[in-house]
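Asks: Each chain is listed here by its residues.
Protein chains: 2
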Amino acid sequence: MRARFPRAFVMVVFFLLCAPGCRSGQKHAGGHEKVKPSTCRPEVEALPPSGEGQWPWTSLDQMDERELFARGLKLRLSEIWTPGQGGIARAAVGMKGCSASFVSPDGLLITNHHCAYRAIQRNSSDERNLIEDGFLASSRQDELDGHGLRVLLFRQHSDVTQEVLGGMADGLSDLERIEHIEKREKEIVKKCEAKPDTRCLVSRENHGLRFVLLEKLELRDVRLVAAPPESLGSYGGEVDNWRWPRHSMDFAVLRAYVDGDGKPAGYDPSNVPFHPEEHFQVSVDGVSQDDLVMVLGTPYHTDRYKTTHDVRQALEWYYPLRSDLFSEWIRVLEKTCEEIPDSCLPTASRVRGLNNGLTNARGMIAGLERAKLVQRKQDQLQEWIEWVEADPARNKRWRSSHDDLVEYLEQSRSGRDRDFLVKYVLIGSQVLGFARTITKWAAERQKPDEEREPGYQERDREDLLSDLKQAQRSLHIEADRRVLALFLARLGRLPPSERLQAFDSALMDPLTLAPDYGAAGIDLYVTALYTGTTLGDEASREKLFNSTLDELKASTDTMVLLALALAPELDAWDERKKERAGALSRLRPPYLESLIEMRGARFYPDANASPRISFATVAGYSPRDGVWHTPISTLGGLLEKATGKEPFDPPGAVVEAIKAGRHGAYADEALGDVPVCFLSNADTTGGNSGSPVLDGHGRLVGLNFDRVYENIAGDYGYNPELSRNVMVDVRSVLWYLDVILGAQHLLEEMSVTHAPAGEAHH
Amino acid sequence: MRARFPRAFVMVVFFLLCAPGCRSGQKHAGGHEKVKPSTCRPEVEALPPSGEGQWPWTSLDQMDERELFARGLKLRLSEIWTPGQGGIARAAVGMKGCSASFVSPDGLLITNHHCAYRAIQRNSSDERNLIEDGFLASSRQDELDGHGLRVLLFRQHSDVTQEVLGGMADGLSDLERIEHIEKREKEIVKKCEAKPDTRCLVSRENHGLRFVLLEKLELRDVRLVAAPPESLGSYGGEVDNWRWPRHSMDFAVLRAYVDGDGKPAGYDPSNVPFHPEEHFQVSVDGVSQDDLVMVLGTPYHTDRYKTTHDVRQALEWYYPLRSDLFSEWIRVLEKTCEEIPDSCLPTASRVRGLNNGLTNARGMIAGLERAKLVQRKQDQLQEWIEWVEADPARNKRWRSSHDDLVEYLEQSRSGRDRDFLVKYVLIGSQVLGFARTITKWAAERQKPDEEREPGYQERDREDLLSDLKQAQRSLHIEADRRVLALFLARLGRLPPSERLQAFDSALMDPLTLAPDYGAAGIDLYVTALYTGTTLGDEASREKLFNSTLDELKASTDTMVLLALALAPELDAWDERKKERAGALSRLRPPYLESLIEMRGARFYPDANASPRISFATVAGYSPRDGVWHTPISTLGGLLEKATGKEPFDPPGAVVEAIKAGRHGAYADEALGDVPVCFLSNADTTGGNSGSPVLDGHGRLVGLNFDRVYENIAGDYGYNPELSRNVMVDVRSVLWYLDVILGAQHLLEEMSVTHAPAGEAHH
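Heads up: the protein sequence lines correspond to chains A and V, in order. Residue 1 is where the first sequence starts when you use this note's numbering, and the numbers rise one by one after that. Residue 1 is where the second sequence starts when you use this note's numbering, and the numbers rise one by one after that.
Hints are supplied without guarantee of correctness; some may be wrong.
Identical chains blur together in the list; that is why a pair holds if it fits in one copy or across any two.
[Stated by the list, open to error] EDC-like cross-link-like pairs, simulated, lysine to aspartate or glutamate; straight-line CA separation at most 16 Å:
(1) 578 to 453
(2) 183 to 451
(3) 190 to 389
(4) 96 to 646
(5) 659 to 369
Worth flagging that the hints you see were computed from the coordinates, not collected in a lab. Every value quoted in this text rests on a predicted model; they were computed, and no experiment measured them.
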């Protein structure tokens with residue numbers, strides 16, 4: 001495996017990680033001659049096989065199968081996925097922001113609790129709070145409408161690079177260039193989606209060096225079958241988020257339904273369970289330290305091939321700003337929740353997301369600093385320059401690619417604070433976001449479908465409308481109003497040339513002829529805005545969504561009028577994004593091409609929402625000098641943490657079962673306890689939530705749900721010492737379903753029948 | 001070694017410790033067949049050899065030398081200490097509250113920074129702040145007066161049980177009984193101290209089953225030679241106190257002086273260095289995980305043989321109350337420091353001590369609960385009952401001993417809240433403490449010397465006066481006043497029958513004829529008290545100390561008059577303590593006797609300030625599920641923690657040296673870094689601060705300075721899984737003296753000349 005380490009990553013080991021007293025947790029370590037007890041010398045040999053690489057399913061045939069066999073793989077790579085034929089990986093499906101797995105022939109799905117959170121929330125009321133109490137459908141009739149939950153089954157892929165880039169005229173501007181690309185992508189997608197119930201995506205691989213058409217089947221009736229209460233599903237809450245040791249049972253059980261003809265359909269009580277081609281066997285045998293595991297899923301985005309400039313911007317501007325904004329945003333929502341208890345439930349999910357983003361930003365800053373990534377990128381660049389310059393052909397082809405890219409990045413920094421705020425104000429004020437969607441939808445509808453902005457085509461109509469409707473449950477008008485006020489104050493602190501003219505005009509002081517972004521003025525203004533709009537009403541949103549642009553222009557809705565006034569500036573912002581995308585689609589691919597050439601088989605593309613697999617090892621790590629995190633947590637540890645106060649307040653039945661040692665058939669023999677979570681060195685990122693974690697036989701042993709804090713900056717570079725992901729051990733899921741819920745019907749459906757020797761099944 | 005585990009302690013392992021995922025830190029653990037990688041089964045076999053036992057030096061001949069050889073001991077036990085002859089243990093000496101070690105033939109001593117803290121503080125001024133800057137005497141002429149620092153050299157011991165208990169009349173009351181014992185002890189001590197410069201102590205072994213006379217030589221001129229700044233000596237401050245991982249360089253270097261004739265003397269510039277019979281070789285070879293280490297010192301007090309009743313009282317009453325009082329006391333001093341910056345320096349040491357006590361109390365509560373010690377004591381009792389009842393002779397002799405003891409303990413609970421407050425008010429208000437000392441001294445002086453209360457005999461005169469004088473530097477009148485107000489408020493909340501009449505009278509409201517313990521009334525009263533006293537003045541204290549009781553009674557000093565008014569109640573409190581001591585000296589020994597008989601060679605006496613040794617192993621531990629603490633910390637880890645803000649603000653020179661990798665000759669080869677602190681499973685407690693830690697050859701490798709948080713409750717029961725002490729690795733001390741201070745003269749004096757192979761000496 002050593003040959004597979006990029007040199008830079010071997011360097012990392014020496015650089016940052018093992019300086020502190022890292023691997024002296026072992027005792028009686030006599031067998032491996034290179035590892036002494038209490039040794040802390042940074043020995044690559046002492047590391048578990050690297051889990052680096054988010055490998056496309058479609059490139060499994062390029063991997064070293066023998067090496068994986070040696071590491072514990074017990075099936076052929078072709079059984080996982082063979083292009084054109086499929087494989088067990090079909091059981092891994094996509095969800096919005098997440099991954100999930102089929103675990104029965106009747107369409108039973110398992111994913112994270114936090115991936116099903118909105119569906120659980122939307123089924124909750126004051127009388128029946130599924131967030132607090134959890135849920136179990138005692139029969140299929142009791143399974144609950146997922147309210148917009150959908151799953152996407154990967155069908156096939158095809159290389160469409162030629163179709164996208166072919167025939168591009170010379171001398172196009174960056175905007176024209178990206179419009180060419182988008183137009184072709186849309187055409188390809190449209191053609192692809194002509195097949196019924198098919199969702200297609202042209203995935204830009206290696207930042208536009210290659211374009212891949214991904215074709216998926218969409219199931220629209222996905223129901224809630226079982227979930228633990230949030231106090232278990234998110235045990236430890238924000239305190240433990242991104243942390244180890246972890247004791248969250250972050251899972252939920254869903255089921256996909258289709259109509260009587262076996263076709264995807266919207267929710268209908270008469271629908272019947274979907275029968276997937278493949279589902280994973282659920283294993284109660286579990287995993288132990290040093291075992292091979294595989295994580296399948298659709299990771300969204302990594303930045304492994306960024307330049308020093310990119311990393312510096314992330315470290316010095318983007319994450320500090322994000323951290324600052326999110327902190328203030330959270331304070332506003334928390335204060336609102338204190339003052340207006342009604343606002344707590346609708347804003348809970350947003351606060352959760354912001355806290356997650358805040359910890360992520362802080363961890364990213366700490367991690368990039370700890371990894372000295374700016375310096376590392378410089379070293380990698382130096383290595384690249386030497387490699388390029390060593391060969392005249394390479395030199396000619398690629399030598400300027402890096403400098404050209406960086407030159408553009410340097411130039412394009414202006415206005416970044418404004419663009420950052422524009423992005424978030426439309427998320428922060430949901431009502432303003434509705435108005436923007438509705439007015440833009442009306443404007444785009446005036447164009448032929450294929451000329452519209454991506455996301456505003458006829459194919460998107462249902463999604464847009466559904467989002468507008470579903471948003472009701474997470475909307476609280478006063479909270480929304482206060483958040484808009486927060487953003488206006490920040491927009492007001494921009495240099496005058498960067499401010500949004502529509503807001504400047506709205507806040508203009510008629511005496512001084514200057515906009516007044518003072519707190520009192522903003523408060524008056526946003527109060528008027530929210531008083532004069534009906535967009536807080538679901539039916540009204542639906543009605544306005546179907547209005548023409550002229551009808552909207554004639555409206556008296558204050559938010560609609562604001563969105564129309566902002567439109568030129570928001571459109572310009574959209575255009576700047578496109579221009580930037582166009583420039584980068586021109587500038588990044590040559591640099592990427594050279595890296596692919598340089599790294600050969602060690603190269604894998606950045607995550608881009610296409611299906612990937614990571615081959616990893618169950619392993620602990622040293623978060624800091626003097627501490628070793630062991631890789632498996634237990635029910636005993638869950639109980640140890642319990643304080644009875646949120647977020648450490650497990651349900652009484654769980655506390656009693658743990659105290660009574662009721663382990664069912666799910667105890668790990670070596671641990672003498674039921675595992676709750678475990679760590680591996682798999683290469684994961686956002687989008688891997690809910691990802692199936694398989695053992696060497698391809699059996700489901702866990703659900704990915706997080707990474708450790710020390711691995712947040714891993715998006716910018718895998719680190720053999722610190723890149724660790726956190727998974728729910730499926731044994732705790734089965735334990736909960738069996739010992740706590742008594743959900744025998746689900747266990748039987750999943751064919752979880754065999755028990756480890758020596759322990760009777762409960 | 002397994003045979004040596006008391007059964008109860010083997011049970012502990014199964015009970016509490018390994019349930020969480022504790023020992024899966026190891027990788028490649030192939031060699032030891034009983035330990036699997038990631039195993040967490042509570043296997044006693046997987047533990048390092050137990051470090052349990054604070055063994056009296058005088059009983060080393062009863063130990064299993066072969067077993068210790070097998071564990072790594074490289075010298076004969078008789079070389080450590082042979083009664084009547086001595087041994088290398090002579091190099092370990094006592095200090096007030098601490099231990100220290102001779103490390104050169106010229107009387108150079110090493111101990112903890114916190115043991116020398118007052119001496120460092122008393123040599124500090126606004127111009128020359130040794131707390132902040134550290135200190136190095138560049139020559140012997142520059143070594144600084146220790147201002148009361150003394151060391152005690154253990155000379156010999158003898159069993160005086162017969163002399164103490166012999167001739168006791170039948171039917172004595174408990175008070176008479178303890179007075180008999182104290183009288184005999186005083187006579188023995190007086191006779192012993194007739195030898196010049198000799199300090200003697202009758203040590204009550206096994207709670208009065210046996211009495212041992214300890215004879216020590218006292219050196220009174222002990223000077224400050226070198227100390228790091230507090231930012232290193234106490235790196236991590238209260239945040240890291242009682243915690244691992246630890247990176248404090250908690251050391252100071254001192255030197256003992258004697259007069260020109262080689263006799264102990266008070267500070268005098270003409271004194272010359274003392275030449276000890278023994279000093280420890282300082283090793284730069286260090287220790288690694290699994291190595292044997294020995295900790296020598298005078299641990300003060302443990303409670304290993306307490307009853308369920310004792311433990312319950314500790315858990316439910318004593319530590320919660322202590323925690324509550326100390327928290328409030330700290331708040332008062334911190335607020336005073338904020339408002340009156342002048343108060344910060346004098347009160348720093350007190351705040352430090354209180355914080356230490358607070359963490360101790362909280363850790364004790366957590367630890368006793370985690371250890372389920374009440375239940376364990378019940379189980380032990382059951383085992384004892386079975387053992388006693390299995391034999392008629394035992395049954396007759398001991399069966400009632402436990403019940404008799406517990407019956408007394410139950411009865412003697414009344415008034416415990418008052419007695420608790422009385423104890424601390426005399427410490428909290430230093431000025432009131434002075435007044436009590438002065439008035440009691442005057443009262444006792446009216447009696448013949450041998451009839452006086454212990455601590456108030458002629459032999460104590462110098463100590464008492466010295467304490468009264470030295471206290472000046474840690475005295476701040478306004479802080480002292482506020483602390484007394486705090487105690488009065490607490491005393492006022494006692495039931496009327498338990499309140500102190502002198503305070504009730506002083507605070508009597510003439511209208512209601514009830515005392516007014518309201519804040520305003522207390523404030524007026526304590527202000528008057530502090531205005532009307534001269535005890536804040538050092539010279540005045542000395543003058544009053546030499547006054548007769550009649551002179552004091554005629555005084556107008558408000559505090560002196562208060563102390564006289566309180567005298568009957570304080571005397572009664574002293575008497576209650578004595579009565580209790582008398583009762584326990586009667587009731588505990590029979591029970592202890594039975595335990596000694598039952599446990600045989602596994603039995604060791606509770607700590608009682610007599611010289612002890614613990615044989616231990618360098619070892620990590622699992623503080624909680626999913627975490628393993630590795631046993632050696634490094635300079636790299638110190639730097640990792642540095643924030644530049646107190647208490648993580650190491651000096652610039654240290655930061656630079658670490659960044660530059662200037663390790664001198666002190667890096668551990670396996671770690672690739674200089675060790676700072678390490679863990680072992682030695683059996684230590686208060687009084688072991690500064691204790692020498694020796695390797696198997698008897699060479700000094702560290703200085704004990706703390707225990708881990710999870711081991712605070714270890715005072716009530718050694719725990720093979722969690723009992724870990726924290727030591728400064730002497731390599732970091734040498735590194736600091738060499739690389740940072742360039743103190744070559746000290747390294748040469750300590751004969752630290754050889755360097756590990758492969759690294760040149762700096």
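Asks: Hint by hint, say whether it matches the structure.
Replies: To see whether the hints hold, each was checked on the structure:
no.	hint	in the structure
1	578 to 453	within (10 Å within a copy, 91 Å between copies)
2	183 to 451	within (7 Å within a copy, 106 Å between copies)
3	190 to 389	neither (44 Å within a copy, 90 Å between copies)
4	96 to 646	neither (28 Å within a copy, 46 Å between copies)
5	659 to 369	between (43 Å within a copy, 15 Å between copies)
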